[in-house]
Amino acid sequence: MLRVLTSRLPGRGEIGSVYAVILFFLFGWVTIIFFWKFPAWLYYANLGEVAIFYLYTAATEALEGLVYLAAILLLSAVLPASWFKDKFTVRGTIAALALPAWLLLVQYFIAYHEFGRGPAVLAATLISGGLAALWMWLSMKYIALERMARLLAERTPVFLYVYIPIAIISLTILLVRNLG
Amino acid sequence: MMSSRFSRRDFLKTAGTAMLPLLFPRQALGLESLLRNGKKPNVLVIVLDTLSAPHMSVYGYPRPTTPALEKFAERSIVYHSHYAAGNFTTPATASMLLGCEPWTHRAINLFGLARRDQVERNLFRRLGDSYHKIAFTQNMLAELLLRQFHADIDQHLPFTFSSRDLTTLGISQHLPNDSVASFYAFDDFLATRRENDGPLAGSPLLGLLDILRKERETVESDAYPLGTPFNNYYTYTNAETFQNILQVTEKARQGDKPYFGYFHLWTPHEPYRPRAEYLGKYKKDGYEPVAKPEHALTETNRAEKNLLRLRQTYDEYITDVDADLGLFLEALECSGALDDTYVIITSDHGQLFERGEHGHNTALLYEDVLRIPLIVSVPGRSDRVDVRTPTSSIDLLPTLVVRLLGQVDLAYPGIFLPGLGGIEDWDRSLFSMVAKDNSAFAPIKHASLCMIQGTKKLIHYAGYGEYDGKSELYDLADDPNEMKDHAAGDQATTARMRDELLTALEAANQEVAQSS
Numbered sequence: 030m031l032r033v034l035t036s037r038l039p040g041r042g043e044i045g046s047v048y049a050v051i052l053f054f055l056f057g058w059v060t061i062i063f064f065w066k067f068p069a070w071l072y073y074a075n076l077g078e079v080a081i082f083y084l085y086t087a088a089t090e091a092l093e094g095l096v097y098l099a100a101i102l103l104l105s106a107v108l109p110a111s112w113f114k115d116k117f118t119v120r121g122t123i124a125a126l127a128l129p130a131w132l133l134l135v136q137y138f139i140a141y142h143e144f145g146r147g148p149a150v151l152a153a154t155l156i157s158g159g160l161a162a163l164w165m166w167l168s169m170k171y172i173a174l175e176r177m178a179r180l181l182a183e184r185t186p187v188f189l190y191v192y193i194p195i196a197i198i199s200l201t202i203l204l205v206r207n208l209g
Numbered sequence: 267m268m269s270s271r272f273s274r275r276d277f278l279k280t281a282g283t284a285m286l287p288l289l290f291p292r293q294a295l296g297l298e299s300l301l302r303n304g305k306k307p308n309v310l311v312i313v314l315d316t317l318s319a320p321h322m323s324v325y326g327y328p329r330p331t332t333p334a335l336e337k338f339a340e341r342s343i344v345y346h347s348h349y350a351a352g353n354f355t356t357p358a359t360a361s362m363l364l365g366c367e368p369w370t371h372r373a374i375n376l377f378g379l380a381r382r383d384q385v386e387r388n389l390f391r392r393l394g395d396s397y398h399k400i401a402f403t404q405n406m407l408a409e410l411l412l413r414q415f416h417a418d419i420d421q422h423l424p425f426t427f428s429s430r431d432l433t434t435l436g437i438s439q440h441l442p443n444d445s446v447a448s449f450y451a452f453d454d455f456l457a458t459r460r461e462n463d464g465p466l467a468g469s470p471l472l473g474l475l476d477i478l479r480k481e482r483e484t485v486e487s488d489a490y491p492l493g494t495p496f497n498n499y500y501t502y503t504n505a506e507t508f509q510n511i512l513q514v515t516e517k518a519r520q521g522d523k524p525y526f527g528y529f530h531l532w533t534p535h536e537p538y539r540p541r542a543e544y545l546g547k548y549k550k551d552g553y554e555p556v557a558k559p560e561h562a563l564t565e566t567n568r569a570e571k572n573l574l575r576l577r578q579t580y581d582e583y584i585t586d587v588d589a590d591l592g593l594f595l596e597a598l599e600c601s602g603a604l605d606d607t608y609v610i611i612t613s614d615h616g617q618l619f620e621r622g623e624h625g626h627n628t629a630l631l632y633e634d635v636l637r638i639p640l641i642v643s644v645p646g647r648s649d650r651v652d653v654r655t656p657t658s659s660i661d662l663l664p665t666l667v668v669r670l671l672g673q674v675d676l677a678y679p680g681i682f683l684p685g686l687g688g689i690e691d692w693d694r695s696l697f698s699m700v701a702k703d704n705s706a707f708a709p710i711k712h713a714s715l716c717m718i719q720g721t722k723k724l725i726h727y728a729g730y731g732e733y734d735g736k737s738e739l740y741d742l743a744d745d746p747n748e749m750k751d752h753a754a755g756d757q758a759t760t761a762r763m764r765d766e767l768l769t770a771l772e773a774a775n776q777e778v779a780q781s782s
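So the sequences go chain by chain: A and B.
Residue numbering for the first sequence is 30 to 209, as defined by my numbering.
Residue numbering for the second sequence is 267 to 782, as defined by my numbering.
Just chain B, with the same shape it has in the complex (with noise of 0.2 Å):
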């Protein structure tokens, strides 16, 4: 819902637009960032799924799982305290790609969807005609989402584009207008059995020829010994992927158009299969992580030796897609593409490996798992800019808008990044969540709810039982592991954050009630 009032939000992003050209003079607006061939930049956007910032080296993280990205980063902005706005897939991308809050799409449970009236406000359609749109995901979480704006992309690619060997019957890709009910009845009822615990297939013709694809999935060889990389519908390389992306956007490039390019990985999601060489890299490498005590809403209760193979063999895996994105951004240099195109690398969500909790299916909201990369080349730049006031997957939308089109949109609630032509902003409050557990029509109860300000970090549990409205409170200043909750001693801080996440919470809940 838009506020009738011209908020402090609203004050700094025209302020921010007002002093870009002051800032930067030859890439200030979109409409004076045009090339010298008298093209608007290219854009391209590289999501890798799962990707933790706090597990990068880039970020500071001791082992040097990402030295490609080291390099890249000094031509460009480093984001370091860049959050995702949920922890899983569905409502991170939507965040992204719709640029507001979950509370706000609604693309909140798994496999879920954005809310209808919320689709036109995609990234895709609000880049207008200009642009040559073209996306392509390996994950089928996002796929779903590129499938709802599927009429607002000028080439979306197969959910098959880079696969080498389809482990399922996905017959909703060969139905383009209607892939997303189809996919619902096909893909997730009558042809395959997706939960563990659940039933066999609604078909049974379809449901023996998936199951019997299905067990083709992993598929070791010298090359991968745990198999090769996987998303739970093919196997594919990503240096393949990465020279299929390549391929598409060079062709891109030569267009009329300037081109827009969403490339969502599926890497370095589990399962964990680094190649050969990278593959014990860090076995006894002497790292020790900050032993973190379980927690109450830990789903999968593991082991803290558990977590520490598992996350060594996450670690080893994005040394190893480091590798593959580093010839690949090497391969964009040599082409030229740096100098005309906008390179953003960045991920959905992270990944826990701490407190009994492995992965990104949880209640915990923990700087792992909300943390993820941010980085823009911009064109024409080749200085390292780091920007360590925090920001939000939602930021990116309205950033792009203004970039590349010039035009100020205060109907987003994110902000202009700072390096981009937003201004740096402690003050400002940003928010985290997931409520899988809610129905995407209903007001939401039952959420875990994290907010950022400044340094301070706020989480708040709803709906959990003994757990409902507890809160926990860290200064990520002096405290960035999240080991001294501040809560009980601070608890000004606590009810003032607390009574502004909760407010916000309640505005989205009526507007959603009020559209439907």
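Next up, chain A with everything else stripped away, as it sits in the complex (with noise of 0.2 Å):
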């Protein structure tokens, strides 16, 4: 069984290069809404304090990616090969960025325009997922839209070496705040 199901799944090179989309997309992200909130912070929190904050951030966002790679190697397993396995630093990399997309999208409708959770979810859904699945489509004709996806790919890993050690470090301290 679990042969079968590591057959399905794509190399690790490819597998490293879609979570360092994921984490990417996150890191940035939160990024620009961690800098949202800093002012504000800065009003009762000294820097150390916030530094503290950040760590949860990064700790948070490594594991979170995490849980969206392994939505999209299930992905992956189950739909025939040809489907995605096949090209899966193409379309791995458009599947890792249209689902925290998703997510957000839909409590956007929900928070911002008050849609019920139905009508949030159909939005999201047909936004999202139907611009990613038209730039799957359109990369299999336009090698310019392929090439742009497997860029990202095969760019973002270098970020990877920043973001682990930082997502290590954070989760070792925060184990030791909440342990200790």
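It should be emphasised that the hints constitute simulated quantities derived from the structure, not laboratory data.
Certain hints may be false.
[What the hints assert, rightly or not] With a cut-off of at most 30 Å between alpha-carbon atoms, the simulated DSSO-like pairs for lysine-lysine come out as follows:
#1 LYS547/B x LYS571/B
#2 LYS337/B x LYS550/B
#3 LYS722/B x LYS736/B
#4 LYS711/B x LYS66/A
#5 LYS480/B x LYS66/A
#6 LYS736/B x LYS571/B
Need the complex rebuilt from these two chains, each delivered in its own frame; the hints are there to steer you.
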């Protein structure tokens, strides 16, 4: 069973690339929101305390990225290989962007437009899923679009040298703070 | 900062303590107030959030909002001019628990914290090991302060202790060793979009889970036509909350040590959700509060008609919680707890329904938002005492320290409450403020400041653009509704009080600058 499952998964390098894209999106998003909150925090927290908030952020995003990666790998395992696994770098990258975007869109429609759950999920799926599907389909026809996805997957792994150590340091410090 | 000079305040404190055995032979100093079983008395503090004293019939409000407290007052010390040191939970609660003004403890921002070097002055630590200390709050702003004092609390009940239905992820409560930092990271940032005009949550996944939970915040029912009481995090009922408090305190009463219990409830804070039997109770009762002109610093700009409707529902909600509180107090009496327990009913701050303003997130410092109830039942006493001199929420801590431990601590600026060993002092100055737009670490420049001395009340505005430097002066004896501003007519009093107020602020600013 395990052998069947692993045979349906892409190579480590491809998985790493997609994880890098996920973290690139998550760390990018959270950094924007972090700096939006930063001035407010400085009203009542010192820089050391804000740094602790950032450790929680980094650790959470690294773990959250694994959840998205697991979902994408599940998709790869379930779908026919020719649909996803064989084109994992490109399609996994597009899915890595579409998945968190979908989650944010659902929140956006509920929070800012007072949509109910159903309409919010539908609208987010149409936008995020639609754009992702369109990108995947067009990337078969237009090499530039495929290259765009591939470029992201090839360039973002360099950030893993930053994200992973930060995540490990964060998790270690937070474990000590919470278990100590 | 402690003054090396022995001030008039210190003299009054010391003199008051010396007179305690004369004034209260049985319950004078803490050491002399041991009960028959040789145990010190318990202390039960019930804080009803956002309860404005001017809206309570026990303080003369025309609507019969607090019949149960009126009954309880017949055996208690009733403080008629008790003031919060701040106009919202963070500064006001910190002042009560740290025994100093907001310009000293600096918990002045919404979701702010007390100065780290002030934390050790908290009431829980001050009571030492001789008390079993219990704390619970339904207000997250107060919970953050309790989390700062967590190491000094023996039984810190979870924020969700009386929850019916948690509507947020509330991740930080699962990380008790780092609950303050994890609150800001998770509950204020990664999982929650708090501000209406703010961005989405920092984490797409946690943010979605949180927002889906939030959708359930309004649970309407036959009993609660406007929805079950809700504190922005979970729904609850006051009856169940009081029941739970009763169970905890009764168990604590059986312990080896006396207990000190601090229970800070959310009701009657917004959203006002009275039960069906109280909703509409005051709809056509003919009561018409004094209409007051809109203030230049009003933020909500509500129409008078709208304020009247909100006031009515608020009053109904007070009546609702008073009924549950009455049952709770009866249960205490039946169990004999009133014979060995100080029961203290108070609030953190009040609520405004005037001058176009609704709420307490405001720059205004009028009576309805500052004057709060303080009703104290002393074990073994069954007569009523009325105290009319102004008192402050910062007085509770030094009073409890002297009553329970028999120690006079001059490090706290508060006085001993009259009726509990203190001397009535009409010349005393007490202060309240709101400075939420200042950094907690910088000198306070942008604030509304209030000073009360006898029946005179000065409100001073600093850093408000065109309103900067303006003062208002009221005589509360003749004008309890604060309709006639004497600042222009009585410039000498205005200048004297403003100088004293700004000198005190400056001293506090310098002390903070030196400490940081």
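Task: Proposed proximity, LYS66/A with LYS480/B (alpha carbon, max 30 Å) - done: holds (21 Å)
Open item on the list: Holds or violated: LYS337/B and LYS550/B, Cα atoms, limit 30 Å.
Closed with: holds (26 Å)
- [ ] Verify the proposed pairing of LYS736/B with LYS571/B, using a straight-line Cα cut of 30 Å.
- [x] holds (29 Å)
Open item on the list: Checking one constraint from the list: CA of LYS711/B to CA of LYS66/A, max 30 Å. Satisfied?
Closed with: Status holds; Cα separation ~22 Å.
- [ ] Sort out whether LYS736/B lies within 30 Å of LYS722/B, counting only the CA atoms.
- [x] Between LYS722/B and LYS736/B the Cα gap is close to 17 Å, so the pair holds against 30 Å.
- [ ] Please work out if LYS547/B and LYS571/B have their alpha carbons no farther apart than 30 Å.
- [x] Cα-Cα ~17 Å, so holds.
Comparing the model with each numbered hint stated earlier shows that all of them hold.
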